[in-house]
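Asks: Full structure from sequences and hints, please.
Respectively, the protein sequence lines represent chains V and G. According to full-length UniProt numbering, the residues represented by the first sequence are 1 to 361, in order. According to full-length UniProt numbering, the residues represented by the second sequence are 1 to 361, in order.
These are computed hints drawn from the structure, not numbers from a lab. Among the hints, erroneous ones may be present.
One copy or two, it doesn't matter: identical chains are merged, so the pair holds either way.
Simulated crosslink set (SDA-like; lysine to any residue; CA at most 20 Å straight-line) [claimed, not checked]:
| # | residue 1 | residue 2 |
| --- | --- | --- |
| 1 | K115 | I291 |
| 2 | K181 | R103 |
| 3 | K83 | W235 |
| 4 | K29 | P150 |
| 5 | K271 | T286 |
| 6 | K16 | S231 |
| 7 | K339 | P63 |
| 8 | K25 | A152 |
2 protein chains.
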Amino acid sequence: MTKYDQYEGFQVDSAKDYTTFTKRKFDTKPFGDYDVEIKIECCGVCSSDIHTIDGGWGERILPLTVGHEIVGKALKVGPKVTKIKAGERVGVGAQSYSCLECRQCRNDNETYCAKQMDTYGSVWPDTGLVTQGGYASHVRTHEHWVFPIPDAIPSALAAPMLCAGITMYSPLVRNGAGPGKKVAVVGLGGLGHFGVLWAKALGAETWVVSRTHAKEADARAMGADGFLATSDGGWNEPHRMTFDLVISTANDFGPGFDLAGYLSLLDVHGKFISAGVPEDSKLEITTPMLIASGCFIGSSHLGSRREMLEMLQLAADNGIKAWVEEVPISAESLSSTVKRLEKNDVRYRFTMVDYDKAFGA
Amino acid sequence: MTKYDQYEGFQVDSAKDYTTFTKRKFDTKPFGDYDVEIKIECCGVCSSDIHTIDGGWGERILPLTVGHEIVGKALKVGPKVTKIKAGERVGVGAQSYSCLECRQCRNDNETYCAKQMDTYGSVWPDTGLVTQGGYASHVRTHEHWVFPIPDAIPSALAAPMLCAGITMYSPLVRNGAGPGKKVAVVGLGGLGHFGVLWAKALGAETWVVSRTHAKEADARAMGADGFLATSDGGWNEPHRMTFDLVISTANDFGPGFDLAGYLSLLDVHGKFISAGVPEDSKLEITTPMLIASGCFIGSSHLGSRREMLEMLQLAADNGIKAWVEEVPISAESLSSTVKRLEKNDVRYRFTMVDYDKAFGA
Numbered sequence: 001m002t003k004y005d006q007y008e009g010f011q012v013d014s015a016k017d018y019t020t021f022t023k024r025k026f027d028t029k030p031f032g033d034y035d036v037e038i039k040i041e042c043c044g045v046c047s048s049d050i051h052t053i054d055g056g057w058g059e060r061i062l063p064l065t066v067g068h069e070i071v072g073k074a075l076k077v078g079p080k081v082t083k084i085k086a087g088e089r090v091g092v093g094a095q096s097y098s099c100l101e102c103r104q105c106r107n108d109n110e111t112y113c114a115k116q117m118d119t120y121g122s123v124w125p126d127t128g129l130v131t132q133g134g135y136a137s138h139v140r141t142h143e144h145w146v147f148p149i150p151d152a153i154p155s156a157l158a159a160p161m162l163c164a165g166i167t168m169y170s171p172l173v174r175n176g177a178g179p180g181k182k183v184a185v186v187g188l189g190g191l192g193h194f195g196v197l198w199a200k201a202l203g204a205e206t207w208v209v210s211r212t213h214a215k216e217a218d219a220r221a222m223g224a225d226g227f228l229a230t231s232d233g234g235w236n237e238p239h240r241m242t243f244d245l246v247i248s249t250a251n252d253f254g255p256g257f258d259l260a261g262y263l264s265l266l267d268v269h270g271k272f273i274s275a276g277v278p279e280d281s282k283l284e285i286t287t288p289m290l291i292a293s294g295c296f297i298g299s300s301h302l303g304s305r306r307e308m309l310e311m312l313q314l315a316a317d318n319g320i321k322a323w324v325e326e327v328p329i330s331a332e333s334l335s336s337t338v339k340r341l342e343k344n345d346v347r348y349r350f351t352m353v354d355y356d357k358a359f360g361a
Numbered sequence: 001m002t003k004y005d006q007y008e009g010f011q012v013d014s015a016k017d018y019t020t021f022t023k024r025k026f027d028t029k030p031f032g033d034y035d036v037e038i039k040i041e042c043c044g045v046c047s048s049d050i051h052t053i054d055g056g057w058g059e060r061i062l063p064l065t066v067g068h069e070i071v072g073k074a075l076k077v078g079p080k081v082t083k084i085k086a087g088e089r090v091g092v093g094a095q096s097y098s099c100l101e102c103r104q105c106r107n108d109n110e111t112y113c114a115k116q117m118d119t120y121g122s123v124w125p126d127t128g129l130v131t132q133g134g135y136a137s138h139v140r141t142h143e144h145w146v147f148p149i150p151d152a153i154p155s156a157l158a159a160p161m162l163c164a165g166i167t168m169y170s171p172l173v174r175n176g177a178g179p180g181k182k183v184a185v186v187g188l189g190g191l192g193h194f195g196v197l198w199a200k201a202l203g204a205e206t207w208v209v210s211r212t213h214a215k216e217a218d219a220r221a222m223g224a225d226g227f228l229a230t231s232d233g234g235w236n237e238p239h240r241m242t243f244d245l246v247i248s249t250a251n252d253f254g255p256g257f258d259l260a261g262y263l264s265l266l267d268v269h270g271k272f273i274s275a276g277v278p279e280d281s282k283l284e285i286t287t288p289m290l291i292a293s294g295c296f297i298g299s300s301h302l303g304s305r306r307e308m309l310e311m312l313q314l315a316a317d318n319g320i321k322a323w324v325e326e327v328p329i330s331a332e333s334l335s336s337t338v339k340r341l342e343k344n345d346v347r348y349r350f351t352m353v354d355y356d357k358a359f360g361a
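Replies: Given below as structure tokens:
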């Protein structure tokens, strides 16, 4: 017996066996005054899920339900909730807590709060319960991390915006992507495809940098103005110092990752942002690589609530369609979907659907 | 016999014997329409000189006269010169050529021009002559890289501003150092001392980060508002995410270089600028180091003509005094001064003086 409310979800029990999901009940935190209880309708599949359950980002508390691109219906709201109404269709992304009081939180930088907690795998200090993600029947979260989904966006397409989407949107808008600016997106996967969609919607000249030309047609279909394949000799030469912003979505900083080449694209004081977080995330840079253009190397962590709402509205206003493959959720389909994602066998994002069949209506 | 005009200077003949200077005549480029001919009065000693003559920055054409913090008198100016008048006291820094036509040059970014050339060690394409520096009787340079020195600044104190000074001034002003901003200067050497002087003059709250407290009194005397010694346990803890800008002057990225600690000082999207260029200049960074605050790592290359003039005026207007030890120039004194600089036995900059005794009046 447990003193806590329980939800039901698909959990991974061991990093050694991270593609095996087991459906079971788990405890959830007490319903707080600012909490929203959400019946989950669908959830996107994010590389973060894999980095977490395979131990690549470090040892985590298992068993764990991952999934942090959650869309569902607000069943009830706490007495102090003002941002969400019961009955609304809402989303939850990768973050579910920050102090909301520090300087960072007060400046729309709550994703950089020192006390931030992830939607899954974090420990609630008061109860010791571990936060659980969206491959589950329900989720209970503070209203600050619950976002109304505009009617114009189908749930399965909204889901991946809540982590992959915002991960690209925030660095684009914070680094000036817009009319008159030239943006390169390195890597056309789940993150990259949002990079192209957002950068175009924001009005920037948008290029894709990929290993080969295999995805060029897709990139053009998403709206890319230009496409560079690093397997072409001298691929960067005609483009040296012509970009304002390069956002990398690379999931691997191994030999194929041509950092010097990407940096060579940047105009004076241009910025290179690594939006991906490879499991072995070491980047070796030398001062001369930075001096040539006085460029900057940085990263970015999700995006603020304000940015999340802006992004969803931008998608709704512009009819932006994420490229999503829908997969009915089950222990077996989660296993096969994770395996496919590891092989990059996805164009360009998975959303687990049919939650009613798995968890009941 | 040579068809070129000749100057006289102290040259290094071999990277293996880079502390041996030999006085001899060398060819100089033909006097161009935009050139200024300068009789040198004094020249600062820069770590770049050592990195060049010892081969640490790569093999260079020797013999070579180094020295690129030059102050002297404009003896004559070419027929198209408008920026400098004959008879003026002027300075020359580390750069002596750019195309002045490209996008970078047209935007006050001539130090990032792809065709830039250094004051010493570069090859003039038309003649094949190698540019020679300021441990010499004269220098002949395009007016764009010749700067009038305000009367209020003594020559020996102006000299180190022309490389060390501008190397710190440009990243400070380009990254917003001013009232309401908090700036940390890592390392209190020749560069660092200018960092403190400029940051204070620009109105920023200015801190020094050093290995020990040995230089704290000097830092305070230069105007530093705070001082952190990395040998103090937990030195960075109370200061996490409180700085807007950290400028490193480190000449060595070895074990004592606590990059993660320096980055921890930065507030959201703060910038870490490496103004030094160590001979082994590899920086190993990991995405998590960057994600915590969304900070940026960058570098900087000298500063534009406009910035150079602004900096000299700031020094004149504020009575800013560089901390300079004057050394009469000779083959012997250059050798001993280079050796002292290598041991950081300098507070905080050397200027070679008494050129009339070495080269005649």
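Asks: Look at each hint and say if it fits the structure.
Replies: Checked hints:
1. K115 to I291: between (35 Å within a copy, 14 Å between copies)
2. K181 to R103: between (30 Å within a copy, 15 Å between copies)
3. K83 to W235: neither (48 Å within a copy, 41 Å between copies)
4. K29 to P150: neither (28 Å within a copy, 69 Å between copies)
5. K271 to T286: Answer is both; intra-copy 16 Å and inter-copy 17 Å each pass.
6. K16 to S231: neither (35 Å within a copy, 41 Å between copies)
7. K339 to P63: Answer is within: at 19 Å inside a copy they meet the 20 Å cutoff, but 62 Å across does not.
8. K25 to A152: The answer is neither: 34 Å in one copy and 78 Å across copies each exceed 20 Å.
Hints 3, 4, 6 and 8, counting from the list given before, are not met by this structure.
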